[in-house]
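Mind docking chain U on chain R? Use the hints.
These protein sequence lines map, in sequence, to chains R and U. Count the first sequence with our numbering and you get residues 1 to 404, in order. Count the second sequence with our numbering and you get residues 1001 to 1380, in order.
In case anyone wonders, no lab produced these hints; they're calculated from the structure. Bear in mind the structure is a predicted one, so any value in this text is a computation, not a measurement. Hints are not guaranteed to be accurate.
Straight-line alpha carbon distances no greater than 30 Å define the calculated DSS-like cross-link-like pairs of lysine-lysine that follow [unchecked claim]: (1) R:Lys-157 - R:Lys-383; (2) U:Lys-1026 - R:Lys-18; (3) R:Lys-18 - R:Lys-33; (4) U:Lys-1217 - U:Lys-1005; (5) R:Lys-262 - R:Lys-275; (6) R:Lys-33 - U:Lys-1026; (7) R:Lys-383 - R:Lys-275; (8) R:Lys-375 - R:Lys-162; (9) R:Lys-125 - R:Lys-347; (10) R:Lys-157 - R:Lys-374; (11) R:Lys-18 - U:Lys-1217; (12) R:Lys-18 - U:Lys-1005.
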Amino acid sequence: MPGKGPSLEDLIGIEHSKLGFFQELRQTIEALKDANAQSTQRRREIAAILDGITDIMMVLSSDLRILSVNHVFRQTFPDTPHPEGMHCYQIFRGDDQPCPNCPASASFATGDICRETAIFKIGGKNTQFEMVASPIRRPEAPESHILVFKRDVSREKDYQAKFYQAEKMATIGMLATGVAHEVNNPLTAIFGFAEGLRRRLPALKETVDPQVMEDVEDYVATIMRECRRCQDIVTTLLTFSRQKTVSFAAVSLNAVVNDTLKLLRSHLRQRNQAKITMRVELSENLPMVHGDEHQIKQVMLNLLVNAMDAIAGPGRIIITTFQSSQGAVCLSVEDSGCGIPADHMDKLFEPFFTTKRSGKGIGIGLSTCMSIVKKHQGEIAVKSEPGSGATFTVKFPVNTDKTT
Amino acid sequence: MRISKFAIPEIIFGRGSIVHLASCAKRLGARRVLLVSDQGLVGAGWVERIQEILRDNGLEWIFFDAVNSNPRDNQVHAGADIYSRERADVIIAVGGGSPMDAAKGIATIVGNGGRINDYEGANRIMRPLPPMIFLPTTAGSGSDISQFCIITDVARQVKMSIISRSLVPNVSIIDPLVLLTKSAELIISSAIDAFAHAVESYLSLLSSPFTEHQALKAIRLIAHNLHPALEDRSIEALENLSIAATSAGMSFSNAGLGIGHSLAHSLGGRFDVLHGLVHPILLPPVMRYNLPTSVDKLANIGRIVCGPRMCSNEYIAQAGIAWLERFCADLHVPVRLRDILPDSSCLEIIAKAAVNDACTLTNPRPASWESLLGVCQEAW
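Same shape as in the complex, but just chain R (with noise of 0.2 Å):
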């Protein structure tokens, strides 16, 4: 027989029996036992991991359409509650085309990691996100996914928006109080030599042609009070510069708005050359608000600012406080500027939105009034009409303990 061929005890067999599959059996599902122990472990910890995940999670297919979602995702859109198979700019922009720099896109056709930044309005709240696509290799399948981060930066351009204000607050404040000294000294001086120039006046009455004397006498009144009116200016400049710690206090709405005013004027009257009119309508017995006056202060020359900068010739502007029918308090800024586009309107708040050139402003000034109104419990309405102005008003519940 040539080697491989089978021997006699071969073909009895005796040490060889029909194969079970019991032993193999129950090892398999030993086996399987194990691997479903483990991947529920793997499964857990994964798990645990994308709970962990705060930001928006979502794979998508290369048509946009979204494969799977986290946690987030679902407590973001909890009307949305199977958003599988749905194109992710119908949920984000409630559109039914892709967005214009759509990050997923620029990663599908590069294959890299691709970043940006937009604001989407969710549940009637404009949200900043910064999104990561990042492209999902799998090499036993063709066809690639990607995977999209986003996270909801809002609070984080508004606390650096804060932070802008708050370093420029105190830069004005030292300079405010370097000028303060610095003009103080020599006002003290005119101020000294004008009261005692008030005071040889009546010596030398008798000698001076009575004509005269009048003319003196007013232009030393004249002086000694615009002596006074310059330190009131410096006194009001110091209090809107000057770093304080956030104190509430019973607040006069109209005395923000003179205040303020006094603080412009200057610039008012060379706007006033150009032909703005300004109608101050305050109300009498207007209750007080319960607030910081340096930040309301802030809110004021803000809107009073961006109405100014909405006129390019002439125009007019309406500042009012009156008391509504709810009971709030409420200042408006009325202007008859260019007024604002409707797609910008659920931008206006944005930290760092702004329409002026480049060099004007970075556009924190509003979304610092709607910080600073939401901490007094207040709210601000917009109403424009595009190319014919802008009502900005601020309500402020009414100060119900201490009310004057």
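Chain U in isolation, oriented as in the chain R frame:
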């Protein structure tokens, strides 16, 4: 006496036992069955009957009938591919030796992978096979009982013997009613095949009291029932042929065969001849070749077929062989090799291929290729 072993499947035997097919399959975990058969069975309506039984019991099936007589390695692989692709579970084979051997080959590949010729020889199957249920429709091949599987290696033109206990099916359902629809030729070839199994396994070096009894019983039943079965299709005679084939299967599965089957495999690999029709030609010369070593056993066979005589063992053994030659001649089947082969030039190749066959091993008288050639020349 050497230590022996006797292994057989669960056997369900009886008229109408086919109805138990579905419950057996379900017990083995069937939901989606691979049903292996051949076109002949479809024509006879048995496949339809089986599908009806499966359907009535809520079982799905995939029908694989790309099997011809002497199943080939590529058919086995095609069947295994279908089994995997269609997620089949239990394998049911219906038919003669060919669909059952194909089913065994398919089960081997499904359970163990690789190519079917990796398992040629004895005890090379190392992993379990899917459950198998066989329904023999010819009373002859014994494949539904045996641990043997014969597959043709097309490239080498050899019939490979694959031997493993794992090839014994889980259940064999033998319904003699199936034989009612068989042609005379098929009844003859099957019966002679079973007769050859019985004779060779009786003479085999591995025969044991458990196999010898079955072998002699098969010889007696075939000798007494083949003619009645052919003449009037008597159901009793057909049933007895069924019992004979099953008994012969039990015998040869455990005791092995001899050079008659070595040569039959060799011939079948080279010329696509019907296995059962080779034995009327080869069996008498093979018995004569083994006479020197097995005179007592051949005498026992002689007494069964010729009736008890007061004579020497030598004489009655010769008389038995002569009886067999007459018996075959009366069946009007070819009895000389020249009737089925083109010329005698191939005999040497046949003999040289047969000497390596596993069946040569259990032949009572050792055989070289030259002695096998001698047997062939005697049969020519």
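Quick check: which numbered hints come out false for this structure? none
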